[in-house]
Amino acid sequence: MKLLILFVSLLLFGAESVLAQQISVKVADRTTKEPIVQAHIKDGPNSVITVTDVSGIFSIDLSKYSHLTITAIGYASKNIRLQPDTDLIYLNSEIFRDQTELLVVANEESDQNVRAYHNRKANQGMDDFLDNIDGVSTTKRGAFGWEPAVRGQSDQRMNLVIDGMQIFKACVDKMDPITSYVESNNLSKLQIDKSGSGVAQNGTGVSTVNLITQKAEQSTTSFNLNTSYRVPDQYRTFSFAGNTADRSGKNAVRFSGSYKKADDFKAGDDQTIQNTQYEKLNLSVNYRHMFQSQHSIEASYITDKAYDIGYPALLMDATKALADIGQIKLNFAPSEMAFRFNTAQIYANGIRHSMDDYSRDVANRTVMRGMYMPMYGTTTTYGAKLNGAATLVNHQFDWFIDSYTSDAFGDMLMQSLDPSIQDMLIYNLDEVKTNNASLGFRHHIQFSDNVLMKVEESIRYKSLRTDSESHASFFQGLYGETPGTRSKFLLSGSGSLLWMLNNNWSFSGSLVYSERMGNHMELFGHYIYNYTDGFFYDGNPWLKTERSINTDVNATWETTGHSFSFTLFHKQYFNYIDGVLGIDSGSNDFRFKQYANVGDAVISGSELRAINDLGKMITLENRISYLYAHNQTLGEPLPLIPPLKGNTTLHLRRGNNMIMADLEWAAEQKRIAQISSLEDQTDAYGILNFTYERRWLDGDLTSTLSLNNILDHYYHTHTSIGNIPEAGRNLMISLSYKF
Amino acid sequence: MNIQTMFGRLMAVAVLLFVAASCDTTDNNDPELDLIPVNSVTVDGYTVSLESPKELEIGANYLYWKIKQGDNTITPQTFTITPMMDMATMSHSTPFEQPSADLLDDSYLSNLAVFIMPSGDMGSWTINFEFITQSGSEISGEMPVNVNSSWKIMNTEDDNGKKYFVTWFEPQRPMSGNNDLTFLVHTRETMMSFPAVSNAELVVFPYMDMGGGTGHSTPFTPPVSAGNGFYEGDINYSMSGLWTTTVELVVANDTLPEIVFEYSVIAK
Chain G
1 MKLLILFVSL
11 LLFGAESVLA
21 QQISVKVADR
31 TTKEPIVQAH
41 IKDGPNSVIT
51 VTDVSGIFSI
61 DLSKYSHLTI
71 TAIGYASKNI
81 RLQPDTDLIY
91 LNSEIFRDQT
101 ELLVVANEES
111 DQNVRAYHNR
121 KANQGMDDFL
131 DNIDGVSTTK
141 RGAFGWEPAV
151 RGQSDQRMNL
161 VIDGMQIFKA
171 CVDKMDPITS
181 YVESNNLSKL
191 QIDKSGSGVA
201 QNGTGVSTVN
211 LITQKAEQST
221 TSFNLNTSYR
231 VPDQYRTFSF
241 AGNTADRSGK
251 NAVRFSGSYK
261 KADDFKAGDD
271 QTIQNTQYEK
281 LNLSVNYRHM
291 FQSQHSIEAS
301 YITDKAYDIG
311 YPALLMDATK
321 ALADIGQIKL
331 NFAPSEMAFR
341 FNTAQIYANG
351 IRHSMDDYSR
361 DVANRTVMRG
371 MYMPMYGTTT
381 TYGAKLNGAA
391 TLVNHQFDWF
401 IDSYTSDAFG
411 DMLMQSLDPS
421 IQDMLIYNLD
431 EVKTNNASLG
441 FRHHIQFSDN
451 VLMKVEESIR
461 YKSLRTDSES
471 HASFFQGLYG
481 ETPGTRSKFL
491 LSGSGSLLWM
501 LNNNWSFSGS
511 LVYSERMGNH
521 MELFGHYIYN
531 YTDGFFYDGN
541 PWLKTERSIN
551 TDVNATWETT
561 GHSFSFTLFH
571 KQYFNYIDGV
581 LGIDSGSNDF
591 RFKQYANVGD
601 AVISGSELRA
611 INDLGKMITL
621 ENRISYLYAH
631 NQTLGEPLPL
641 IPPLKGNTTL
651 HLRRGNNMIM
661 ADLEWAAEQK
671 RIAQISSLED
681 QTDAYGILNF
691 TYERRWLDGD
701 LTSTLSLNNI
711 LDHYYHTHTS
721 IGNIPEAGRN
731 LMISLSYKF
Chain L
740 MNIQTMFGRL
750 MAVAVLLFVA
760 ASCDTTDNND
770 PELDLIPVNS
780 VTVDGYTVSL
790 ESPKELEIGA
800 NYLYWKIKQG
810 DNTITPQTFT
820 ITPMMDMATM
830 SHSTPFEQPS
840 ADLLDDSYLS
850 NLAVFIMPSG
860 DMGSWTINFE
870 FITQSGSEIS
880 GEMPVNVNSS
890 WKIMNTEDDN
900 GKKYFVTWFE
910 PQRPMSGNND
920 LTFLVHTRET
930 MMSFPAVSNA
940 ELVVFPYMDM
950 GGGTGHSTPF
960 TPPVSAGNGF
970 YEGDINYSMS
980 GLWTTTVELV
990 VANDTLPEIV
1000 FEYSVIAK
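Chains G and L, in that order, give the protein sequences. Per the working numbering, the very first residue in the first sequence carries number 1; after that it's consecutive. Per the working numbering, the very first residue in the second sequence carries number 740; after that it's consecutive.
Rather than coming from a laboratory, the hints here were simulated on the basis of the structure. Only a predicted model underlies this, so the values are computations on that prediction, with no experimental measurement involved. One or more hints might be untrue.
Said to hold, decoys possible - With a straight-line Cα cutoff of 25 Å, these simulated SDA-like cross-link-like pairs (lysine to any residue) come out:
{"#": "1", "chain 1": "G", "residue 1": "Lys-64", "chain 2": "G", "residue 2": "Tyr-90"}
{"#": "2", "chain 1": "G", "residue 1": "Lys-593", "chain 2": "L", "residue 2": "Lys-902"}
{"#": "3", "chain 1": "G", "residue 1": "Lys-433", "chain 2": "L", "residue 2": "Ser-832"}
{"#": "4", "chain 1": "L", "residue 1": "Lys-902", "chain 2": "L", "residue 2": "Ser-832"}
{"#": "5", "chain 1": "L", "residue 1": "Lys-1007", "chain 2": "G", "residue 2": "Gly-242"}
{"#": "6", "chain 1": "G", "residue 1": "Lys-593", "chain 2": "L", "residue 2": "Leu-981"}
{"#": "7", "chain 1": "G", "residue 1": "Lys-305", "chain 2": "G", "residue 2": "Gly-242"}
{"#": "8", "chain 1": "L", "residue 1": "Lys-1007", "chain 2": "G", "residue 2": "Lys-64"}
{"#": "9", "chain 1": "G", "residue 1": "Lys-593", "chain 2": "G", "residue 2": "Val-580"}
Please construct the entire structure, taking both the sequences and the accompanying hints into account.
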């Protein structure tokens, strides 16, 4: 009998052990090899199965959870397929949270964490979201395609990339920032490197915004539906997102789509702003295959089509803004080799942008009167990125190789209403090629448990040319020399120091040196219209390298319920590239500038962020940012610099209800550019917003009611081109359902 | 071979391919004449052919002459021409140079001729030619040619009625971007003599009328005399479309009535 019981017991326990396959795995820091405590082990975006213990170890049933996502504060999250012999998983640290901000925008992190940077509202667009981050502003020309600026620097002075992919806007009038070609449901997070200290990866040392797209998860099937409706601009949107994987978890697909359309909006005091309508369709798909070896490959494609986009600040509207963005990425399994790869990525993207003024009254306008001016622009970019880590003489470092080639074209046709006048055509960019290759290194130096240093350097080769003889001859005529291929070796470097004084206080600082060659428009643009000053710009292939030195210091105090962060920065530019008065065309309608190195400029500022839990249900957020920017050669402020501005947000949560009251304000801006631009002063404003959100059906259904600009204030921001006002009082209702 | 090693080797191959593909393979061919036949006549067994880069038109034209005896191209001791416009009641010549061995292809004799009026109801053009062969034979003949209208020559005159011909020499096909801007100036002394004028001053102003009362100029370098009637500068057309270029001829401090060239600039 005893033998029988023993046999049955062995059989049962053995069967259980076979079925359960319980394994223990250690999670550790790749650099220090130290265990990571309290890392979250998830089988989906929201479902935490377990956490690591003080030794960094977690135990799990392999038969139930073979595919996991591991997240930990200060580390990049990792998707992994567990094997019976898996016993160690390394996470890569997200170095310096104060320098490289990690912003969760996918609205799937339901944990209320004071360290989370921003509590994003459901259905908030990319433009709104960016405009409310301290240190980030947006340049506006209407309701669509706001151009993000980090610390007053935009366009050519910042990197705006998607998954690290270089994408060039196609509109020569800069109406299509790359953010306009993605939707928030394409994205999992934004990485904002305000100081540009991540030079090894960004290759330039300038402020960087990296839009990280959503990837397929090796988890169960999920689906998400959202719809919103807003008055009075009749904004309506419908979006969906889904994720599915096969039983083995080796193959997973994520897909999403959205459609939105808006009519003209109303500013405060019931004033309809004409030509602010838009319509947009966005589709994306991501496929991921996990190999037995833990390597994985993923392929992504985003197509974004916007139509009938009104630009009230401009003479014309966009009829089409089309983007096709694709990439294939190989993620290597962790390796202990001395020289190892982390990821390899190839990508291609094409942007096409068409504008015209066929629906405008061209006969009676004051500028470019009596003619239509359809414009077309396109860019095509191919690139490859490779990164990994290496150990050399007991020194470990990360390495990054980045290369791309891009082709840009832009033209403007002018069709006079007078039939006796021939059509006129300008090539703004013709066969303009940009080639770039960079090699960067990142070193971590741990002085002690509390003091960490990061040193990064990058060398970059960049060349620009036009293959069009007639286009090249413009510059030969202007400067008396054939431009040929313009190429430079560019160096960037940074040093950052983090001192964790104790569990509450941390201090950090960085010093960044950056060299920038002008971009394709600054070197080879022709008749590029600048809406901020009304001048046509011609490029200058002989621009010298613009150099900058950026210093940042930050102090952060954090407790369980409170977070306070204060940053000061100062950036000094040398050989600052800007427009100088060009030839006199003999016409007041055509005023020209040419790009040149105009001297020195400086941008300084500060950012303050405070997040405080006032009891269990109430959180108060305050964000304030200030910029001082000056063209030292001209002795005047730089243009399009936002004034002192901020947000105060009060969150109230109880059960399934959330109420948010928000005060968005800006001081008046009297520091204006009148030589390099034609700015005017902007009044102070303050607007009130209110949001009520409720979750139903165990959180599967969420309804949101948002009332913005409650007092129907008529105002415009200083960075609104043409002083186009912001939306007046508006009400939006949103529903979100997931299953 | 594990996947990392394999990938490393693949990357090395890719870099080599990229470098190889990036090599400059520009082909710099020698320039060649690209001519179309204009006319040919046969006199005493010698065939005289006239070719030109384009159909003849008023303004400046390069003429390329070839003389053949049977299938053999011959090089004469001398070859002279005289373009003549027969207007029934009168005849006249036009500014021209005498042919000489062409620098690019010595099987041709080439010269510059400026036709000051087109063929048509008013009259017709004939080019009289004479040459002496290596054996001493003197051959002469005449070759009718058709000269089309164009915008490339205008004339003005001083208070004494002395006529000046201003020829738009370059660009022959104005194109967006930078172009050499060259004028030729001749005056008429007699109906058979049109000498070059090299001591004048040209005041030019390019302009584009965009309609609706707006318009603009474009960057240019004013042409200055380069001798032999040529005035050289450059012009950087900002855009394609219909342009005018006004020319005021200043001769001996006397500003002659302005003339206006109106023409289309192509995009590329």
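A quick look at each hint next to the structure:
1. G:Lys-64 / G:Tyr-90: 22 Å, holds
2. G:Lys-593 / L:Lys-902: 42 Å, violated
3. G:Lys-433 / L:Ser-832: 52 Å, violated
4. L:Lys-902 / L:Ser-832: 14 Å, holds
5. L:Lys-1007 / G:Gly-242: 49 Å, violated
6. G:Lys-593 / L:Leu-981: 24 Å, holds
7. G:Lys-305 / G:Gly-242: 20 Å, holds
8. L:Lys-1007 / G:Lys-64: Distance ~67 Å between Lys-1007 of chain L and Lys-64 of chain G Cα, so the pair is violated.
9. G:Lys-593 / G:Val-580: 5 Å, holds
Hint violations for this structure: numbers 2, 3, 5, 8, all remaining hints satisfied.
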